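Numbering (our numbering), first residue to last: 1 to 423.
Honestly, the hints are just simulated from the structure, not real lab data.
Small disclaimer: the values here were computed from a predicted structure and weren't measured.
Check each hint, because a few of them may be wrong.
Stated by the list, open to error - Calculated cross-link-like contacts (lysine to aspartate or glutamate; reagent style DMTMM-like; alpha-carbon spacing at most 20 Å):
| hint | residue 1 | residue 2 |
| --- | --- | --- |
| 1 | 123 | 243 |
| 2 | 226 | 401 |
| 3 | 116 | 312 |
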Amino acid sequence: MNRLFSILVFILPFMVAAQETLTLDECFKLVTENYPSAKQSELLKNQVRLDIEAIQKGKLPKLDINAQATYQSDVTSLPLQLPNVTIEPPNKDQYRATLDVNQLIYNGGLIDATSKVKEATSKVNQQHVDVNLYGLKNQVNSMYLSVLLLQENQALLNAKEEQLKSRIEEVRAGVKYGALLASSEQALEAELLKIKQQFAELSYNRSALVQRLSLLIGKELSEDVKLTRPEVFLGATESQRPELQLFDLQQEQIDFSSQLISKSNLPKVNAFAQGGYGNPGLNMLDNSFNTFYMAGLKLNWNVFDWKKTKTEKQSLEINKEIIDSQKETFELNNSMELVNLQSEIDKIEALIATDNEIITLRENILKTAESQLKNGVITSSAYITEFTNLYEAKSHLNLHETQLLLNKIEYQITKGAYNKNRF
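Whole structure, please, built from the sequences with the hints as guidance.
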């Protein structure tokens, strides 16, 4: 027996340490890593890298190989004959193969401007992903605290069960010596069975919630995982809502698009060279296969675009005004939501204060009822009523404290002032 006790003393700390624990901050981190849409962020980074790489290749020389064989119904010929001179007209069948090289020299920074627009668009898309992931925080918070509430209710039921068992032992002794009726013990035993029913119901509900939380955060959780109660600090902190950054990035994207439009009308200068082999070559009067080449510069400048550039810029300015309007709408709705949450926090704090007063009174009443039950002054049914009233009051307190925590964390998330170091 002593040996068994020694073994239990040795292994018990390791069994306790092995129990899985989970924090709210860990859940927030896991959902942003494992939620399916989180994969889009890395995909978008790879995509914009490839897109910009492809755009920048526009600065490299372009090489084209061309070949053609034609037959035409007529060719150029001289309308007169010169003495002692025979000029043969070109053949109607002609052959030509060329290698063309074009090198961009100047385009007003159009390629770099296009790259910046592509990069800005990618940042906007990535920020949309961040906004969607941030929106999951309230869902995680609600599910986490629901599991936590059941976990703490289980602890409350344990205390309720232990206290009831103590009363049963006292009543059993009274029945044995004839001080109390047997029905008093039976009534308490029935109440103990109700508690076991509550344990079973709570266990099933907790198991279902843990499974849902596990799917949401992308991590397998054991059914007996222990959740830690988070702490929250409400302070005046600058908002870090990802939606606000999204609006700024959208404005930046429009600015880069406007720069791209401006650069599209700047002059473009290209150097070109062509080398070839054909019949005829550059000399149309030589009906034989010859090599040939030419090189030069080419300027292209659209000096008049019928105010297309101006119209496109005006459209972009309207887009900026739309984004400003969306930002104002978001901030207004956000402020209204914060007012509602603060009102709910104040209400629950008042309820908690009353809960504590009720519990104090119920504890005093139950102490009196315990003494009366021992002395046979009241029935076990009357005792159970006061016993149940106390634990209902404690259950209400537990619920309100969890609701308060839920609303405080939701307030932080809504405000964009969530600080993981505070949790």
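Against the structure, the hints:
1. 123 <-> 243: holds (13 Å)
2. 226 <-> 401: holds (18 Å)
3. 116 <-> 312: holds (18 Å)
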